[in-house]
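Asks: Residue numbers (the working numbering), protein chains in the order written: chain H, 1298 to 1694; chain P, 1298 to 1694.
Derived by calculation from the structure, the hints in this document are not laboratory data.
The reader is advised that the hints may include incorrect statements.
Which copy is meant is left open, so a pair is good if it fits within one copy or across any two.
As the list claims (entries may be wrong) - Here are the simulated DMTMM-like pairs of lysine to aspartate or glutamate, each with C-alpha atoms no more than 20 Å apart in a straight line:
id : residue 1 : residue 2
1  : Lys1343   : Asp1309
2  : Lys1343   : Asp1331
3  : Lys1343   : Asp1312
Keep in mind it's a predicted model, so treat the numbers as computed, not measured.
Protein chains: 2
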Amino acid sequence: MTDFTATRAMFDLPDGVIYLDGNSLGPLPRGVADRVARTIADEWGKMLITGWNDAGWMDLPARVGDRVGRLIGAAPGTVTMGDTLSIKVYQALASALELRPERRVILSDTGNFPSDLYIADGLCRTLGRGHTLRTAPPEDVAKALDDSVAVLMLTEVDYRTGRKHDMARLIAQAHDMGALVVWDLAHSAGAIPVDVTTAKADFAVGCSYKYLNSGPGGPAFIYVAPHLAEDARPALSGWLGHESPFAFEPDYRPAEGVARMRVGTPAILQLAALDAALDVWDKVTLEDVRQRSLELQQKFLESVEAGCPELTLASPRDPAMRGSQISFRHPNGYAIIQALIARGVIGDFRAPDILRFGITPLYLSDQDIERAAILLTEVMTQRSWDKPEYHRRAKVT
Amino acid sequence: MTDFTATRAMFDLPDGVIYLDGNSLGPLPRGVADRVARTIADEWGKMLITGWNDAGWMDLPARVGDRVGRLIGAAPGTVTMGDTLSIKVYQALASALELRPERRVILSDTGNFPSDLYIADGLCRTLGRGHTLRTAPPEDVAKALDDSVAVLMLTEVDYRTGRKHDMARLIAQAHDMGALVVWDLAHSAGAIPVDVTTAKADFAVGCSYKYLNSGPGGPAFIYVAPHLAEDARPALSGWLGHESPFAFEPDYRPAEGVARMRVGTPAILQLAALDAALDVWDKVTLEDVRQRSLELQQKFLESVEAGCPELTLASPRDPAMRGSQISFRHPNGYAIIQALIARGVIGDFRAPDILRFGITPLYLSDQDIERAAILLTEVMTQRSWDKPEYHRRAKVT
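The shape of chain H in the complex, shown without the other chains (with noise of 0.2 Å):
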């Protein structure tokens, strides 16, 4: 049984911030500030350019990348990691839409995150062969399914809502149907279990710094599925993903497996620092941190439903089909954040109306949760929100 309090002691927390925005940058783990002042003093400082082999900084991407893996359910060698997720979604995509050569669609749905769909769109525009990008409502996705579509993209848990999609069930569709499945699982990795063997994903991709709390700008991962790993072409082939980049050669021949979805010189401070990030894990299972969000977002859902008629709840009710966020609109919804920042709880707006509340358990205990709730009811019923501070809008809200 996984326990929580010891968990909650491996973050650095500021006193009196009950942080709900784990969805958006996880906290600082305890040990990353002193792993990576030892990877700048005694590796980069001492070593120097002898750090890539002698600090195992090359095999940096590979060995975080299965510590990642197991998180997911992917097996040794399978994920890699490096640059940012939208990066690693082009790869994935146009990977998948080269394994398809006679169809042109990629299918997507419109809760998911803009950047999967930017990324999508402009890679069809790049391509300039007639490839498009169609999207459906969430609930409609496995309908549009065609044998037009090469390859369906979905994030599993919704940015905004928190709705979680039926991985295994949606990738056994568009597999009848003939079509690969690109999924992004930013906001499950760390937060649910997830099982891309069993579900038989073909690829998988997610960012670290949410719930794997990496920090500011942690490295991406990529999964490929081993029965397309030695056939998936990466289009962005730098030279980490060469069969042997220190040899140089004028041609490029692709790493075995996932490997060569590698670019290029990985950044090694942000990897350290996932690598220290990712230790909490080793005292946890995602069955556990499952059991236990959903006793909180229970919490917290009843009691700002209790206390705050005005906020309509934006997630599923079933909590079966939620990742582990709850979300509410309101049109003031970005005003009332900034009153709930103002009052010592971190939650964050999504345009154009969604209050986002990430439940973490490896950090927020039952009265975090009772507060943030009591906080959240005062500012709305005292209608604290109503001030012209809380409506100017910073660059990033």
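Place chain P on chain H using the hints.
Replies: Below, chain P without anything else, positioned relative to chain H:
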């Protein structure tokens, strides 16, 4: 006049090491550890998600981009940081090809860094519309320009030999032929004076972990000439290149200018490291660095040629034709470099037979250069390299 004793004091070099590999990974600037530690503890740890506004993370790619821009003659607002050099090469090439839709050839030279060639070839395959990568020997590139060439893609300074292209002349020749030009400044930025504006470069890209000392995996940069920036469509159309990323609009609208070349969430720890590393450039002119580099190069070249007749100069003899490194050839180059490293002089080897020495005045003195030449002479005259342990290849060579 630049005080190179003062700049040397800004780097944290291990005792007893003479570092001639700053052209591969620059050493640790003293300010970096503190800056990254503050970014972790005071920004990420305390500000959490609000760091994107309150610590200025969101603006860091542009702000640091302007600092790098000053070193390559780019106007403020024309450079942004992010991703890796290979990704930035892909972006520049994809945009440039679209700006020359009637043409199908990317022209480069056989001395270019392999990743640039791999990326170009991969892009041509992804496009699937008959684009090809053509290469010519470096000295014949101008002759190979014809009206089928959409883009001329060159690295200004050859990573093996240090041979420097005449950037302004080649740009003029390419423009005369109606081609656009993409310059890789990996071995130029911070090494030699560059002026992309006067030379009329269309696109320029580079990395920051060599002569800009940002540490392992530091972010890359991309410059887009202002007259092209509004027409250049980003192939990697990620949300942070959107005009209004936090509006989460369904359709992509590129941001104004070079900001559209941003893709995903920027790697803040690596950007903070780079920002601190750039402080040394407030005290230095590139003209002084260039002059001092040539003095040190000359000293090294003369001493090594006098002491090591077995080594063949691989760099151009004319100093005006070189960047900031001196390279030699020897069939046992790998073992020679290992024997030299064992004596505290870190240079590097590049397949098949290149011994490569970066000459970086910011932290190398006359004494360092003399001592390095003496130790190399010792290794050669005593055949110290002829031991089995110096022939065993590490993964990264």
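Asks: Each hint should be assessed against the structure and marked as holding or not.
Replies: Hint-by-hint comparison with the structure:
Taking the closest pair of Cα atoms, Lys1343 and Asp1309 come within 20 Å of each other only across two copies (9 Å); inside a single copy the shortest separation is 29 Å, beyond that limit. Within a single copy, Lys1343 and Asp1331 get their C-alpha atoms as close as 16 Å, and across copies as close as 16 Å, so both meet the 20 Å cut-off. Taking the shortest alpha-carbon separations for Lys1343 and Asp1312, only the inter-copy value of 9 Å comes in at or below 20 Å, while the best intra-copy value is 36 Å.
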